[in-house]
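Asker: Below are the chains, spelled out letter by letter.
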Amino acid sequence: MAYSDKLIDHYENPRNVGSFDADDGNVGTGMIGAPACGDVMRLQIKVDAEGRIEEARFKTYGCGSAIASSSLVTEWVKGKTLSEALEIKNSAIAEELALPPVKIHCSVLAEGAIRAAVDNYLAKQKSAEESSQAGKSAA
Amino acid sequence: MRVYVMQNSPAANARSPIYLDYSATTPVDPRVAEKMISYLTEHFGNPASRSHEYGWKAEQAVEEAREQVAALVQADSKEIIWTSGATESNNLAIKGAAHFHRAKGRHLITVKTEHKSVLDTMRELEREEFEVTYLNPDPDGLIDPDMFAAALRPDTVLASAMLVNNEIGVIQDIAALGAMCRANGTLLHVDAAQATGKCVIDLEKTPVDLMSFSAHKTYGPKGIGALYVRRKPRVRIEAQIHGGGHESGMRSGTLPTHQIVGMGEAFRIAREEMTLENARIKRLRNRLLDGVRDLEEVYINGSMEQRVAHNLNLSFNYIEGESLMMAMKDLAVSSGSACTSASLEPSYVLRALGRPDQLAHSSIRFTLGRYTTEQDIDYAVALIREKIQKLRDLSPLWDMYKAGIDLDSVQWAAH
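Protein chains in written order, with this note's numbering: chain H, 1 to 139; chain D, 1 to 415.
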């Protein structure tokens with residue numbers, strides 16, 4: 001399959017590969033896909049005190065387009081607020097990387113990974129709040 | 001004599017990837033190409049023209065090629081019918097035999113790991129109210145003879161099994177299947193497209209009724225193949241293409257002399273050189289396997305004992321096949337990964353072996369051939385090792401495996 005130069009660049013030199021400590025309260029982890037389907041993306045975001053994504057990391061099992069889509073997304077979410085990050089649409093990812101039609105699902109997966117990471121972060125914040133309130137009322 | 005220069009190895013050109021996809025197709029041997037040329041320009045006659053020398057010359061060349069093809073498989077040249085390739089041969093054999101014998105019975109047997117040109121032909125016959133049994137092979141890709149015997153019925157008119165599988169290279173025991181078919185009054189068709197020049201075929205001794213051949217898997221040109229139709233005892237099939245009554249009425253159409261000459265020459269070379277060539281290729285294949293077998297989580301697909309020398313099919317767990325092929329773009333290989341197929345389904349052959357989808361997605365087929373060198377293999381081994389490491393460093397599944405997490409226990413958010 002003929003891929004765009006941008007896609008190949010992200011595939012060959014993937015940005016922000018790695019992991020954060022998933023137990024860190026400021027980290028949101030999203031994992032999406034399934035090994036049987038041939039792609040699994042894990043996207044992690046680190047959120048600062050102002051609610052902005054200061055850094056992102058990924059690891060992806062999947063085809064070249066899946067790896068490139070997740071690499072691109074780590075660059076795009078950086079510096080964005082959570083709601084801004086959620087506005088990233090799969091069509092923009094597909095357009096940026098010129099994904100062939102059969103690879104559009106890779107961009108859908110990347111969009112899903114952002115949502116999953118944000119949801120995970122928000123859930124953590126909520127439970128931290130609840131436990132601190134529970135602590136207060138007990139005191 | 002025309003001087004015909006051709007680079008010996010497709011990998012000789014530094015910019016071209018190393019070709020390890022010989023089961024997809026082979027380059028035409030320069031000796032074959034050389035022989036074909038004069039039948040395009042000088043001896044261009046129609047072999048069916050009986051009235052002049054142009055026709056006689058072409059006919060003579062066609063008959064010589066028929067002898068050469070027959071000689072490779074210990075058949076009589078009268079038993080060889082020219083076709084456009086193994087896909088047509090498979091269609092002609094299966095539909096032709098099923099249609100001819102439909103009054104006798106409407107049951108057919110095949111195997112889930114067959115080539116699509118067999119499976120899709122069977123599906124078509126199901127639409128014509130034939131009943132087809134699709135056998136599951138063993139996990140090593142071989143047919144269990146007891147299962148085959150149990151599938152045979154009084155109304156089974158034809159069974160079809162391939163000699164060498166295109167994806168995993170395993171060799172079926174067709175002599176055993178043939179004996180069972182004979183005893184049951186069932187015809188046996190064998191797709192031997194991947195077998196010629198790779199394993200010994202003796203149709204004098206082996207009870208096979210119909211056998212399909214292709215030229216371009218054995219260093220001949222694309223677009224030409226043959227069907228063996230046994231004469232003793234005589235096997236009857238119904239023609240699928242009607243026209244001038246060529247090929248004893250079994251396959252009409254003007255014979256492509258140059259293609260036929262090419263196939264004959266390719267099969268002559270195969271017969272003369274296969275013993276030495278296969279020994280050399282087996283050493284290289286084993287060198288490739290030895291170069292990667294110490295890597296963690298690498299699985300061989302298909303039997304290593306009953307397998308042609310040319311094929312190595314490996315699954316590199318926790319890495320997706322297409323991304324591995326992209327990483328190894330200096331190698332021309334193929335994968336059973338869904339991402340490389342239009343259907344987005346992983347290899348049906350590996351699935352039929354009972355391989356988990358994850359391993360099917362992670363599979364790479366390496367097929368070696370006449371022009372593969374030791375340097376090619378050493379380069380490939382180094383590249384594979386480097387890229388496996390790189391992609392596993394990128395893989396969340398590899399992380400989880402290393403952390404001792406059982407991936408089957410994970411609740412996946414499938415999309």
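Note that these hints are calculated values from the structure, not bench results. Warning: the hint list may mix true and false statements.
[Claimed, not checked] Subject to a maximum C-alpha distance of 27 Å in a straight line, what follows is the list of computed DSS-like cross-link-like pairs (lysine-lysine): (1) Lys205(D) <-> Lys78(D); (2) Lys46(H) <-> Lys390(D); (3) Lys6(H) <-> Lys35(D); (4) Lys126(H) <-> Lys46(H); (5) Lys124(H) <-> Lys6(H); (6) Lys46(H) <-> Lys89(H); (7) Lys57(D) <-> Lys78(D); (8) Lys390(D) <-> Lys222(D); (9) Lys390(D) <-> Lys329(D); (10) Lys78(H) <-> Lys89(H); (11) Lys78(H) <-> Lys136(H); (12) Lys89(H) <-> Lys136(H); (13) Lys46(H) <-> Lys222(D); (14) Lys124(H) <-> Lys402(D); (15) Lys282(D) <-> Lys78(D); (16) Lys390(D) <-> Lys78(H); (17) Lys57(D) <-> Lys35(D); (18) Lys222(D) <-> Lys6(H).
Asker: Please go over all the hints and tell whether each is borne out by the structure.
Answerer: Structure-based check of all given hints:
1. Among the hinted pairs, Lys205(D) with Lys78(D) is consistent with the structure: their alpha-carbon atoms are about 17 Å apart, no more than 27 Å.
2. Note on Lys46(H) and Lys390(D): the hinted pairing holds, with a Cα-Cα distance of about 25 Å set against a maximum of 27 Å.
3. Straight-line distance between C-alpha atoms of Lys6(H) and Lys35(D) comes to about 46 Å, which puts the hinted pair past the 27 Å bound.
4. Distance restraint check for Lys126(H) and Lys46(H): the Cα-Cα separation of roughly 16 Å lies within the 27 Å cut-off, and the hinted pair is therefore satisfied.
5. For a cut-off of 27 Å, the pair hint linking Lys124(H) to Lys6(H) is broken: about 35 Å separates their Cα positions.
6. With a CA separation close to 20 Å, the supplied pair Lys46(H) and Lys89(H) stays within the 27 Å bound.
7. Straight-line distance between C-alpha atoms of Lys57(D) and Lys78(D) comes to about 19 Å, which keeps the hinted pair within the 27 Å bound.
8. Taken as a hint, the Lys390(D) and Lys222(D) pair is broken in the structure, with Cα atoms around 38 Å apart against an allowance of 27 Å.
9. Proposed proximity of Lys390(D) and Lys329(D) is supported: the alpha carbons are some 14 Å apart, at most 27 Å.
10. Among the hinted pairs, Lys78(H) with Lys89(H) is consistent with the structure: their alpha-carbon atoms are about 15 Å apart, no more than 27 Å.
11. A hinted pair counts as satisfied when its Cα atoms are at most 27 Å apart, and Lys78(H) with Lys136(H) does not qualify at roughly 35 Å.
12. This hinted pair does not check out: Lys89(H) and Lys136(H) have alpha carbons roughly 41 Å apart, beyond 27 Å.
13. For the proposed pair Lys46(H) and Lys222(D), the alpha carbon gap of about 57 Å is over 27 Å, so the pair is violated.
14. The suggested pairing of Lys124(H) with Lys402(D) holds, with an alpha-carbon distance near 26 Å, which does not exceed 27 Å.
15. For the hint linking Lys282(D) to Lys78(D), the alpha-carbon distance of about 34 Å lies beyond 27 Å, and the restraint is violated.
16. Simply put, Lys390(D) and Lys78(H) have alpha-carbon atoms about 24 Å apart, close enough for the 27 Å limit, and the pair holds.
17. For a cut-off of 27 Å, the pair hint linking Lys57(D) to Lys35(D) stands: about 14 Å separates their Cα positions.
18. At roughly 36 Å between alpha-carbon atoms, Lys222(D) and Lys6(H) are farther apart than 27 Å, so this suggested pair is violated.
Checked against the numbered hints above, the structure breaks hints 3, 5, 8, 11, 12, 13, 15, 18 and satisfies the rest.
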